[in-house]
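Can you join these two chains into the complex? Each is in its own frame, and there are hints to help.
Just so you know, the sequences run in chain order V and U.
So the first sequence is numbered by our numbering: it starts at 1 and just counts up by one.
So the second sequence is numbered by our numbering: it starts at 1 and just counts up by one.
Treat the hints loosely; a few may be bogus.
What the hints assert, rightly or not - Among chain V residues calculated to face chain U with C-beta under 8 Å, some are:
| id | residue |
| --- | --- |
| 1 | Lys-96 |
| 2 | Lys-100 |
| 3 | Glu-106 |
| 4 | His-170 |
| 5 | Ile-171 |
Unchecked claim - For each label pair, taking beta carbons as the anchor points, the in silico distance ranges come out as:
| id | chain 1 | residue 1 | chain 2 | residue 2 | range |
| --- | --- | --- | --- | --- | --- |
| 6 | U | Ile-158 | V | Lys-62 | 54 to 62 Å |
| 7 | V | Ser-79 | U | Lys-59 | 27 to 35 Å |
| 8 | V | Lys-96 | U | Ile-158 | 42 to 50 Å |
| 9 | V | Lys-112 | U | Gln-71 | 40 to 48 Å |
Said to hold, decoys possible - Below, in silico cross-link-like pairs of lysine-lysine (DSSO-like), each with a Cα-Cα straight-line distance of 30 Å or less:
| id | chain 1 | residue 1 | chain 2 | residue 2 |
| --- | --- | --- | --- | --- |
| 10 | U | Lys-59 | V | Lys-166 |
| 11 | U | Lys-118 | U | Lys-16 |
| 12 | V | Lys-100 | U | Lys-59 |
| 13 | V | Lys-107 | U | Lys-59 |
| 14 | U | Lys-5 | V | Lys-107 |
Everything labelled a hint here was simulated from the structure, so no lab data went into it.
Quick caveat: nothing in here was measured; it's all calculated off a predicted structure.
Quick reminder that beta carbons are idealized off the backbone N, C-alpha and C, glycines included.
Below, each chain spelled out in residue letters.
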Amino acid sequence: MVNILGFDVPNQLNELTVQQFETITTIHADIELDVIDKHLQVFEFLGVPTIKWDDVEIEEFKEIVKSFNDVTGKPELVSSLEIDGYTYTAFEDKFKLSVKDTKSIEKIMNSKHKGYVSELLAVLFKRTDLTKVEHYSDAHIKLKSKLIRELKAEIAVPYLVEIGQKLSKHIPKDAPTEILE
Amino acid sequence: MHLPKSWSEIDVLQFKEIRELYTIPEVFNREVEILAVLADVSSEDLEDLDIEDVSALIKEIKFVNSEPSKQYKHQVDDYHFKPLDKLTIGEYIDLEFYFSKDYNQHIGHIASIFYRQKSTNQWGVTVYEPYDFSPRQRFELFEDYSINDIYGIVPEFIAFRENFMETYGNLFHDESEEDEEDEKPTTSQESKDIQLKKSELKWGWERLVYSLCNEDLTKFKEVLNLPLIMTFNMLAMKKELNV
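Isolated chain U (complex conformation) (with noise of 0.2 Å):
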C-alpha cells in the first residue's frame, strides 16, 4: 500500500476530501476513512484487518493532522499570486464570503481569486486580469495541485483580514449600537428595530457598495472594482471629519 509522506504529495481535491472527513466524530472512524482516501482504496476493503495493522498504517499518516505549508508558489503556471494590497473590493467581499463559508472546501474558490493572469502595459506597470469571471468556473483549475502550492494563502489573508477589521471594523457598525446587541426586546417595537438591525448585518456588504454607488445600481460594477484599501480610507476619513 503506499501512502504518502507528507502534504506535498497531496493535491488541492485530496486535501478537500481529507478536511471533508474531519466532520466524523468518531477519531479511529475517522482516521480509517482518511487513511482509505491517501491509499485510493474503499474503506471497506480495510475493514477485516486487524487494528494492529491499521494503526501502524495510521502512523504514517499523522502528518494529515497538521497544516499543510504557509509558503505558497507565486506562480501557478500561468496564473499569478496578486498582492493583497492589490485587492478591490468585489474580490474581498468574495473572499469574505467563502472564508466564512469553509475556507478549507472552497481553497479553489479562494486560489482563483488570488491566482490571476498579468501583463505588463506599455508603462511597465504590471496589469492583474479583471476579476470578470465567477471563482466557480475557476476552481478545478486549482484542484490538481499540490496543497503545499497555494495553502499558504489561507493564513495569509487570515492575517491581512484581521488587521483590515482592526483598523476599518468601526466603519461596519455604529459603536452606540455595540451595547445593545444582547439586548433582549421588551416591546414589539424593539423587536423589529432588533429584526432590522438583524438584517442590516445579513445585507451588510450590499448595503456598503449601495452606499458607495449613491444608490445608482448603473455604478455597482465599478465600485466593486475600487481598490479595497484606498476606499476604505476614503470611508474613515468620511466618517471621521462627519462629511
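So here's chain V without its partners, still in its complex pose (with noise of 0.2 Å):
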C-alpha cells in the first residue's frame, strides 16, 4: 500500500486484484488520455478523487507516481489454484503454451476487451475434473475469469511475462503476400 494524499492506495500486485490490474491496464491503454490524466484516472479508480489533485504542485504528483510505480517482488508462476473446492491446473512441471491455447490467447489479445487478462488466465487454468471441451466452452470460460479477476495480479503478471516471451519469440509477424494491384 501507498499512502496518496491521506488515502491508502493499492500499489503492489499481492495488493490489487486482477479486475484493478485490467482496469489500470485500460486506462493505460487509452490513446485519448495523456499521461497525467492517465494517472489521475488510476488514482480516482483506486480511491483518490481527482478533486484532492488541485492544489498538488507537478513536482510532488510526480512523486506520488514514482512511489505508486514502486512495485516490489517478482512473483514466480503459480502452476494450480483452489477456488471454491476445485483444482485449477496451468501446468504440471515445466510451463508450456499448447497449439490450442495460444490460439485462444490470440483471440483474446486481438478482441482487446477490458477483462482480459482474467480470460487469458481462464484458458490456461484448467479445472482438473473437467473434459478438455468442457475446459474451452464460451460459458466455462467466463465463469473461469469470472472467479479469476477476484485473485490477486501476482497471479497473472508471471503469466503475461511469460505468454508475451513465448509469443514475440513464437509466433511470425504478419506478413502479408506481396500485393499485386
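As C-alpha cells, this is what we get:
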C-alpha cells in the first residue's frame, strides 16, 4: 500500500486484484488520455478523488506517481489454483503453451477487451475434473474469468510476462503477401 | 509430417484453400490452419502440440507468404496460352469480372479463359478455339496443376490491364464528370442524377456492348467476339474525331 494524499492505495501485485489490474492497464492503453490524465484516472479508480489534486504541485505529483509505481518482489508462476473446492491447473512440471491455448489467447488479445487478462488465465487454468471440450466452452471460460478476476494480480503478471515472451518468439509477424494491385 | 518446400509442390486447389485462410485475422491461428492444409491433417490434430514445435514447422512453410512464380507455362496439356493482344471484348469483360471479385479464388476460371485449344488453319495461321464456353465449366481442369505453372498469368494480365486502362480509360466515362464524383446531392434531381450515374457505372460493360451493337441484341455475341484492342482503337478514334 502507498499513502496518497491521505488515502491508502493498493499498488503491489499482492494487493491489487486481477480486475483492478485490468482496469489500470485499460486506462493506460487509452490513447485519448495524456499521461497525467491516465495517472489521475488510475488514482481516482483506486480511491483518490480527482478534486484532491487541485492544489498539488507537479513535482509532488511526480513523486507520488514514482512511489505508486515502486512495485517490489517478482512473483513466480503458480502452476495451480484452488477456488471453491476445485483445482485449476495450468501446467505440471514446466509451463508450456499448447497450440490450442495459443490460438485462444491470440483471439482474446486481438479482441482488446477490458477483461482480457482474466480470460487469458481462464484459458490456461483448467479444472482438473472437466473434459477438454468443457475447458474451452465459452460459458466455462466466462465463469472462470469471473472467478479469476477476484484473485490477486500476482497470479496474472508472471503469466503475462511468460506468454508475451513466447508469443513474440514464436508467432510470426503478420507478413501480407506481395500485393499485385 | 511431410511438408512442401515451395510453391512448385502446391496445386491450384491447395493455393486457393491457402489464400482463403488469409481472411483469418489472427496470425498464429491462420498459420496453424495453413500448416494443417499443407500437412494434409486436421488443424485439431495440431492443437495439443507445443507452440515451439509448431512454430518450427511454420518456419518450414514460410514460402506461402510470398507470391508463386511469375513465370507461367505457355502450354498446359492441350491448352495453349492465348496472347493478351488477341483477347476479345467478351474475354476481357469476363477477366475483369474475376479480377474484381478475387483473382486468387478464381485462378482456375482465369486460366480457362487464357489457356485454349488451338489449331493451324490451311493458311498456316494459328486459330484459337472460340470462347463458346463458360469458365465455370472449365475451371476444375486447372486445379490439379502446380500453381507455379499458371499463376504468372495474374501479374501479366494486371500489367496489361493497367496499360489498357491508361490508354483507353477516358472511353469509360466523361472527363467532365470526374469532379462531380464526390458531390453530395442537395436537391432531389441531383440525387436522381447521382443514382443514374451509379447505375451507369454498374452496367458499364453492358452499356458499351449495347451501344456497339447499335442497340441490336442479335449482334451481341458478334460484338463480344471482336478483338479488344482493335475495337478500343476505333472507339478512341471516334471519340477524338467526334464522329
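Outcome of the hint check:
1. Because the smallest distance between the Cβ of Lys-96 of chain V and any Cβ of chain U comes to about 5 Å, under 8 Å, the interface hint for this residue holds.
2. Satisfaction of the interface hint for Lys-100 of chain V is found here, the shortest Cβ-Cβ separation to chain U being roughly 4 Å, below the 8 Å cut-off.
3. Satisfaction of the interface hint for Glu-106 of chain V is found here, the shortest Cβ-Cβ separation to chain U being roughly 4 Å, below the 8 Å cut-off.
4. A distance limit of 8 Å between C-beta atoms decides the matter here; for His-170 of chain V the minimum to chain U is near 4 Å, and the interface restraint holds.
5. For Ile-171 of chain V, the suggested interface contact is upheld, since its CB lies about 5 Å from the closest CB of chain U, less than 8 Å.
6. Between Ile-158 of chain U and Lys-62 of chain V the beta carbons are some 57 Å apart, a value that agrees with the proposed interval 54 to 62 Å.
7. A beta carbon spacing of about 30 Å between Ser-79 of chain V and Lys-59 of chain U agrees with the range 27 to 35 Å that was offered as a hint.
8. Hint check: Lys-96 of chain V to Ile-158 of chain U, Cβ distance near 45 Å, so the stated range 42 to 50 Å holds.
9. Checking the proposed 40 to 48 Å range against Lys-112 of chain V and Gln-71 of chain U shows it holds: the Cβ atoms sit about 43 Å from each other.
10. Between the alpha carbons of Lys-59 of chain U and Lys-166 of chain V the distance comes to roughly 15 Å, so the proposed pair stays at or under 30 Å and holds.
11. Our distance criterion of 30 Å between C-alpha atoms is met by Lys-118 of chain U and Lys-16 of chain U, whose separation comes to about 28 Å.
12. Among the hinted pairs, Lys-100 of chain V with Lys-59 of chain U is consistent with the structure: their alpha-carbon atoms are about 18 Å apart, no more than 30 Å.
13. Taken as a hint, the Lys-107 of chain V and Lys-59 of chain U pair is honoured in the structure, with Cα atoms around 21 Å apart against an allowance of 30 Å.
14. Restraint check: the Cα-Cα separation between Lys-5 of chain U and Lys-107 of chain V comes to about 29 Å, which is no more than 30 Å; the hinted pair holds.
Comparing the model with each numbered hint stated earlier shows that all of them hold.
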